[in-house]
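So the chains spell out like this:
There are 6 protein chains.
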Amino acid sequence: MPVLTLIAGSGNPSLAAAVAAALGTKPAACLIQGFPDGELRVELHESVRGHDVFIVQPTGPPVADRLMELLLLADACRRAGADRLTAVMPYFGYARQDRRVKGREPVGARLVADLVGTAGCSRAVVVDLHSPALEACFPGTVEHLSAVTLLAESLGTAREDAVFVAPDLGAVRLAQQFSRRLGRPMATVHKVRTGPEAVEVREIVGPIQGRAPIIVDDMISTGGTVAAAVRALLAAGCVPDITVVVSHGLLVGEAARVLGDLPIGRLVTTDSVPVRADLPLPIQIVSLAPLLADVIGRLHRDESLGSLDAFR
Amino acid sequence: MPVLTLIAGSGNPSLAAAVAAALGTKPAACLIQGFPDGELRVELHESVRGHDVFIVQPTGPPVADRLMELLLLADACRRAGADRLTAVMPYFGYARQDRRVKGREPVGARLVADLVGTAGCSRAVVVDLHSPALEACFPGTVEHLSAVTLLAESLGTAREDAVFVAPDLGAVRLAQQFSRRLGRPMATVHKVRTGPEAVEVREIVGPIQGRAPIIVDDMISTGGTVAAAVRALLAAGCVPDITVVVSHGLLVGEAARVLGDLPIGRLVTTDSVPVRADLPLPIQIVSLAPLLADVIGRLHRDESLGSLDAFR
Amino acid sequence: MPVLTLIAGSGNPSLAAAVAAALGTKPAACLIQGFPDGELRVELHESVRGHDVFIVQPTGPPVADRLMELLLLADACRRAGADRLTAVMPYFGYARQDRRVKGREPVGARLVADLVGTAGCSRAVVVDLHSPALEACFPGTVEHLSAVTLLAESLGTAREDAVFVAPDLGAVRLAQQFSRRLGRPMATVHKVRTGPEAVEVREIVGPIQGRAPIIVDDMISTGGTVAAAVRALLAAGCVPDITVVVSHGLLVGEAARVLGDLPIGRLVTTDSVPVRADLPLPIQIVSLAPLLADVIGRLHRDESLGSLDAFR
Amino acid sequence: MPVLTLIAGSGNPSLAAAVAAALGTKPAACLIQGFPDGELRVELHESVRGHDVFIVQPTGPPVADRLMELLLLADACRRAGADRLTAVMPYFGYARQDRRVKGREPVGARLVADLVGTAGCSRAVVVDLHSPALEACFPGTVEHLSAVTLLAESLGTAREDAVFVAPDLGAVRLAQQFSRRLGRPMATVHKVRTGPEAVEVREIVGPIQGRAPIIVDDMISTGGTVAAAVRALLAAGCVPDITVVVSHGLLVGEAARVLGDLPIGRLVTTDSVPVRADLPLPIQIVSLAPLLADVIGRLHRDESLGSLDAFR
Amino acid sequence: MPVLTLIAGSGNPSLAAAVAAALGTKPAACLIQGFPDGELRVELHESVRGHDVFIVQPTGPPVADRLMELLLLADACRRAGADRLTAVMPYFGYARQDRRVKGREPVGARLVADLVGTAGCSRAVVVDLHSPALEACFPGTVEHLSAVTLLAESLGTAREDAVFVAPDLGAVRLAQQFSRRLGRPMATVHKVRTGPEAVEVREIVGPIQGRAPIIVDDMISTGGTVAAAVRALLAAGCVPDITVVVSHGLLVGEAARVLGDLPIGRLVTTDSVPVRADLPLPIQIVSLAPLLADVIGRLHRDESLGSLDAFR
Amino acid sequence: MPVLTLIAGSGNPSLAAAVAAALGTKPAACLIQGFPDGELRVELHESVRGHDVFIVQPTGPPVADRLMELLLLADACRRAGADRLTAVMPYFGYARQDRRVKGREPVGARLVADLVGTAGCSRAVVVDLHSPALEACFPGTVEHLSAVTLLAESLGTAREDAVFVAPDLGAVRLAQQFSRRLGRPMATVHKVRTGPEAVEVREIVGPIQGRAPIIVDDMISTGGTVAAAVRALLAAGCVPDITVVVSHGLLVGEAARVLGDLPIGRLVTTDSVPVRADLPLPIQIVSLAPLLADVIGRLHRDESLGSLDAFR
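Residue numbers (our numbering), protein chains in the order written: chain D, 1 to 312; chain W, 1 to 312; chain X, 1 to 312; chain H, 1 to 312; chain V, 1 to 312; chain Y, 1 to 312.
Hints listed in this document are in silico derivations from the structure and should not be mistaken for laboratory results. Note that the structure is a prediction, hence the values are computed from the model and not measured. Just to be clear, a hint being listed does not mean it is correct.
One copy or two, it doesn't matter: identical chains are merged, so the pair holds either way.
Said to hold, decoys possible - List of simulated lysine-lysine pairs, DSBU-like, C-alpha gap at most 35 Å: (1) 26 x 191; (2) 102 x 191; (3) 26 x 102.
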């Protein structure tokens with residue numbers, strides 16, 4: 001069996017270190033350095049010849065730099081004789097560009113998947129992709145993990161009056177999974193346009209009145225979708241103690257301000273990307289490290305992922 | 001400008017002929033013949049050297065034969081010097097296998113897309129794919145058309161008490177499009193499991209009581225999903241005069257019996273696949289021929305599809 | 001050394017089971033199921049991660065379904081992490097479409113070989129291809145086996161007056177191999193056109209008068225070629241006790257009727273495809289299982305095939 | 001329509017010039033020069049940007065140099081912006097390595113076809129390939145022409161007692177074509193091994209006694225096959241005035257001496273490769289130039305080859 | 001002839017606009033917008049179906065964003081039906097990573113070239129690559145232009161005592177070109193290590209004493225190389241009025257401070273990347289727009305570049 | 001670990017044998033035979049199934065034959081089931097065609113690299129490529145070794161008055177390496193054109209007067225560059241006892257005569273290609289066998305090359 005080597009990109013070094021620790025190892029020594037002109041210099045300080053290499057690199061912001069770094073690391077490993085390259089991308093940037101909406105746009109998700117393949121990665125490990133059908137866009141194999149189990153466990157026993165809320169249609173599948181797992185009902189926020197000239201309003205389907213909503217989604221970026229859902233939930237008479245559970249906590253732009261103004265009691269997310277420390281609301285971070293370490297170990301030892309709760 | 005040549009597979013020869021007629025031409029003469037052992041013999045009787053070839057072949061049942069025929073036709077055209085090959089697949093078989101659900105399955109949709117590319121088609125034209133993100137799985141370019149406009153027009157002015165119903169979550173996007181276009185509300189049938197041991201029940205979100213449902217979906221296969229939705233709608237007190245509108249009317253297996261037992265006043269679908277003539281309910285077929293002819297003409301003349309209502 | 005896993009397609013499950021048994025194993029548990037619309041659902045019930053997988057699937061009738069099933073199985077294995085995929089195709093459908101005869105046809109054999117490669121198989125094992133030069137059309141490596149040794153052994157000591165007959169030119173190489181191996185002369189049936197307007201007649205080269213012919217060919221489909229040869233042999237005064245030996249016994253269409261009318265004492269063939277049980281003549285089936293098991297075992301253990309009598 | 005440009009390799013410059021003349025043009029000015037160390041320097045002296053380029057280069061002896069030159073010319077054209085590259089290879093070296101005979105050999109024909117594709121040629125034009133199934137080994141499209149019509153016409157009216165002779169089984173298809181076209185019978189020389197220890201003898205099938213043989217084959221290399229056939233024909237009582245007709249007259253090694261000793265009245269061949277001027281027997285050379293010019297012109301103008309007698 | 005469309009990335013919009021103006025057109029309307037999370041949204045507002053598209057995008061700082069934008073634009077064009085895609089990269093980032101220096105590094109230049117190919121560009125136009133042999137790393141064709149003529153013309157008649165100086169060995173070829181063109185001598189700054197422990201010193205070869213140096217190089221990044229050369233030249237007794245001529249004026253990091261301290265009378269460079277306006281020294285910018293417009297026009301019209309002085 | 005197998009092409013069989021001996025093995029038995037028409041027949045006499053195969057084949061003169069042989073051997077190995085194929089090319093022909101100089105030429109180095117990849121080699125081992133940036137042109141991985149250490153050691157302690165001389169700019173990097181390693185100064189021969197009409201003269205930079213020059217270069221072909229350098233050195237007053245050190249001693253054409261007329265006391269080179277025995281000057285050959293054996297052994301055992309002095 002080839003040697004397992006873990007490479008930590010700068011996308012989330014502490015997550016990579018935790019994954020390595022859980023595997024009883026350390027990330028391989030390597031240099032990742034920016035030149036004054038912004039080009040990256042990458043150099044591996046350990047041999048990877050014949051190794052089974054996993055590069056841990058979420059491609060969150062700054063997404064182009066993170067992606068370029070992943071590609072350069074992969075190229076370096078490939079040329080240095082790595083046996084097999086797996087891109088471990090707990091957060092997969094550009095996943096929302098999964099189709100052309102208006103007609104003359106790129107399909108960014110497919111492009112990124114192809115670039116990762118071009119750089120030599122024959123396999124990817126991803127977590128809670130924005131659209132499950134994205135699996136089909138990878139040129140090689142892809143293991144699509146779910147953080148639902150981890151997040152659900154972190155919620156503990158949900159209060160009796162809890163209701164899982166999908167803030168838009170894309171999140172219904174996730175809400176269903178939480179609902180089934182924790183035995184609480186679910187609701188969905190629909191965007192409705194009341195007329196050709198009218199503005200879009202949000203209408204809620206499911207029991208909300210007097211209940212404590214737990215909004216679930218795959219990611220939170222600027223917080224806009226969550227904020228709109230919260231306002232609709234409050235208008236529908238929910239208990240003003242809202243929990244937000246998302247796999248990927250990007251929290252960019254005005255997110256801190258937007259969320260800070262809302263009665264959000266807790267934000268639960270994973271460390272797929274580094275989470276900002278300056279947010280004006282209580283954040284609970286569930287580490288993906290044990291899950292990723294388990295999966296990487298199984299993949300390395302050619303063991304089945306079938307028994308994994310988080311696998312699909 | 002190269003010559004436009006239209007090849008008609010046996011997937012729906014009358015659709016292909018109508019497309020050709022709308023383009024002021026005829027399908028190219030060719031032989032498609034089954035040998036006694038089931039292998040197909042394909043031979044083009046006209047030159048396609050340097051032509052811009054469009055092969056019209058929905059890959060409905062029998063799907064493997066239809067697909068193989070498409071691949072053989074493409075290979076024949078490619079070897080005969082066709083300049084560019086476009087697979088016009090109004091119905092795209094295996095679209096529902098768009099991801100691995102349990103973990104050790106194929107991703108049939110990507111496989112089929114790759115096979116079509118392997119055979120030499122650099123472009124595909126498809127209609128109402130089961131999942132919009134499937135666009136990302138094609139190796140070449142793909143034009144993803146929608147039959148919603150055509151189907152909506154065929155409904156004329158909807159009765160006042162109409163409500164568009166998505167029979168499951170996958171159809172919500174479609175129901176929204178109909179709802180906006182025709183100015184009637186929408187409802188969604190959710191599958192809900194009431195407990196770990198309990199059976200799945202269907203719960204309806206949206207106004208149904210006393211309304212006339214128009215169920216919309218991308219396809220109807222055995223009719224099971226529609227039948228379950230109809231039962232739930234009736235239980236919810238809808239007017240017992242139900243319309244079903246689907247892009248692809250496969251109607252296989254027990255579909256005739258299943259649908260015949262229900263108070264379905266009308267089934268509206270397109271001719272993406274040939275529709276069975278023996279169904280015990282009124283069927284209205286909207287031809288895709290004008291749309292496909294328009295798109296093929298524009299693609300051939302390198303014109304924009306942007307102004308097309310049916311484009312995205 | 002990776003684990004050997006054998007997958008049995010539905011092309012010939014009993015052959016696959018026999019191969020597995022000879023290897024001391026069983027085909028991997030998997031689901032192959034037809035949906036009502038004819039699409040296949042494939043699911044592996046065992047892990048193949050890191051395994052050396054051999055998919056046993058002759059692509060006899062219904063050829064498109066068999067091929068599609070093979071491609072789906074391969075795609076499932078590839079995505080599930082199989083280390084190497086070998087398509088074991090004892091009968092290789094579309095082998096006769098090995099070139100364009102009239103000019104605007106597909107080269108079906110190359111197309112099929114490319115499709116098998118596209119689906120992830122890097123190696124194929126085939127038996128008595130219609131044309132030996134087909135080896136060049138596979139994108140990966142191919143092991144081309146011969147059933148001649150097995151078939152010759154099954155004939156035992158040929159009677160003194162036997163003569164091996166090639167029913168057309170394509171079979172001459174096979175007839176030579178039998179002739180050399182069993183020490184009996186050979187003859188060839190030539191198709192001759194006696195004039196521009198005249199019909200084609202068959203002329204025999206070699207000793208026939210008073211001899212018992214053993215017609216050998218790579219395959220028998222509808223029986224037409226064999227029937228024509230038999231008539232020519234009888235006209236040439238052969239002993240009216242004819243043996244027919246073919247590697248692949250498709251026996252489709254009118255084969256039963258056509259052959260039943262002829263003085264064929266015995267038909268010897270292999271189980272490359274399942275052989276019909278309803279034929280009105282004595283059939284002797286030689287199983288390829290021991291040979292395939294031997295070859296698969298050697299390939300799996302990285303041993304040479306050089307000493308194999310059936311190799312080339 | 002892009003400009004047609006013809007590039008003449010050094011494989012047969014006078015053929016290329018004749019082809020160009022028949023097309024009303026001249027080969028493009030280019031430099032092909034050997035460095036003292038044997039590397040080739042290739043430089044185009046005319047622009048080929050956007051042109052439809054045909055490189056005329058038979059890959060006869062010295063085959064590796066001819067092939068390398070073709071590949072370098074193609075690479076130069078591709079980089080200089082040629083629109084489409086067609087390799088016109090009237091003689092295709094390595095065609096006889098069309099399969100592995102003993103098991104650990106290359107498949108030279110496929111390798112060469114792949115190399116030509118790697119260098120940028122998307123199409124090939126070839127003449128009388130050693131094995132028709134080689135068509136399947138080309139990655140792009142291939143137009144496989146036959147010189148039979150030209151050669152048959154050059155024979156004029158065959159004498160009454162002529163018989164077309166295939167010197168081995170591989171030539172039977174050719175002999176049949178001549179036989180049908182010129183209305184004379186055919187015969188075949190079979191190699192027969194009379195016993196395990198015995199030497200191989202040649203046995204003739206068909207009418208020879210008192211007839212004037214016209215031996216036909218795709219190529220003559222050292223003359224060994226023809227010489228053996230001639231001896232067998234003489235032993236069978238043929239008229240000692242033998243004609244030899246081959247598409248490709250390589251005539252290497254001892255060919256001059258071998259053939260000079262035989263009663264060969266005439267050797268008819270094409271100029272697919274330059275024919276040696278020093279042979280001690282009358283040679284009639286039929287130029288492929290008109291055929292190649294016709295085909296190149298049609299391909300360039302995107303016209304059908306279907307009406308061409310020499311096409312298949 | 002397909003329509004020429006020019007797309008302007010945000011790498012140097014004013015250069016792109018000038019190129020377009022010189023071609024008598026305008027860059028196509030398109031949206032390039034950053035999302036709050038740093039992902040780019042790209043949308044073409046004009047049809048490019050069937051067009052001959054040139055994307056003008058130097059990949060200077062921030063290099064990863066510029067590159068990602070180029071790739072997304074290319075993907076959008078490809079999917080929108082562009083006929084041919086040419087990446088016009090006046091500055092090609094990562095060109096200095098042209099080989100592995102220490103052994104476990106990426107070859108960034110090849111990686112970037114491959115990525116550009118993966119995104120659909122079949123051709124690139126570049127200017128004064130760091131290493132001429134980089135041409136070999138592009139998967140498609142590449143037109144490698146030189147700014148030497150433009151820069152030399154901008155110098156006008158050089159003063160009598162001028163000397164062209166290569167600040168390191170990589171610049172010697174450039175210095176030779178200037179020297180020949182303007183009829184002034186050249187000198188080279190060599191880095192010399194005087195002993196194993198000793199520091200590196202710069203030694204000058206060529207006439208410097210009393211002469212006015214014109215330092216030429218392909219690019220200036222932080223100014224370090226130029227500063228070292230200037231110090232060495234001054235120490236060698238040159239006239240303290242130094243001119244610096246570079247193709248690419250990145251001028252990042254401490255460049256302004258570093259160069260401001262030196263007796264540099266003039267810095268001449270092109271607009272391959274936008275040049276900072278805040279430099280404390282006189283800068284003369286020579287626009288590449290006329291050259292790029294000329295080349296794009298010729299490529300579009302399939303004309304030769306051979307007569308172009310700047311071509312190689 | 002797979003079995004290591006070494007295949008010896010005919011490019012330098014004694015080098016291959018020495019490499020094998022150093023690895024404690026012998027080259028695999030195989031047949032490499034020329035047919036009378038110049039085609040090569042290649043056949044492996046040992047199984048390579050699953051082996052880690054290294055083909056030792058410098059592609060010196062006759063370069064096309066050597067290259068074709070390498071490609072055929074690779075194809076044979078690949079089809080015979082080799083696990084991994086490494087092309088060990090101590091001399092890499094066509095390396096000087098690393099870019100287009102005048103505009104319509106091939107990039108021979110990239111073409112050859114691509115051909116080697118097409119034939120199945122995923123890795124190459126090369127020595128002192130003409131241009132280091134050529135590394136970027138290989139499709140797979142490449143290990144670029146240097147013979148400088150070996151050559152420097154063979155020089156022993158250089159005489160006090162020695163000076164390392166780069167005969168042109170391309171050799172400066174090599175001269176620097178020798179200079180640093182052996183503690184002697186260096187000089188460079190520049191080609192200078194004194195005026196537009198004037199002939200090219202050679203000017204020397206560095207200390208020559210009264211010193212003993214050691215000319216170093218990557219290769220010597222016809223000896224022209226060395227001869228010109230020697231004449232310039234003598235004119236500059238060097239000691240008339242000159243040593244020439246090159247990695248690759250092709251010595252083709254007039255090399256013997258050219259060099260024989262010069263005061264060259266010693267020519268030191270490696271056995272990357274077989275060195276002519278008939279040269280009229282003392283030649284010292286340093287074998288690459290130990291280095292290649294060391295590298296092959298490390299690559300085979302998946303060990304790092306990092307500690308190798310000759311690696312980069």
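Verification of the supplied hints:
1. Taking the closest pair of Cα atoms, residue 26 and residue 191 never come within 35 Å of each other, the shortest separation being 47 Å inside a single copy and 39 Å across copies.
2. In the homo-oligomer, the alpha carbons of residue 102 and residue 191 lie at most 35 Å apart both inside one protomer (19 Å) and across protomers (31 Å), since each shortest distance falls under that limit.
3. Proximity of residue 26 to residue 102 under the C-alpha cut-off of 35 Å is restricted to the inter-copy arrangement: shortest distance 23 Å between copies versus 46 Å within a copy.
Hint 1 from the earlier list is the only one contradicted by this structure; the remaining hints agree with it.
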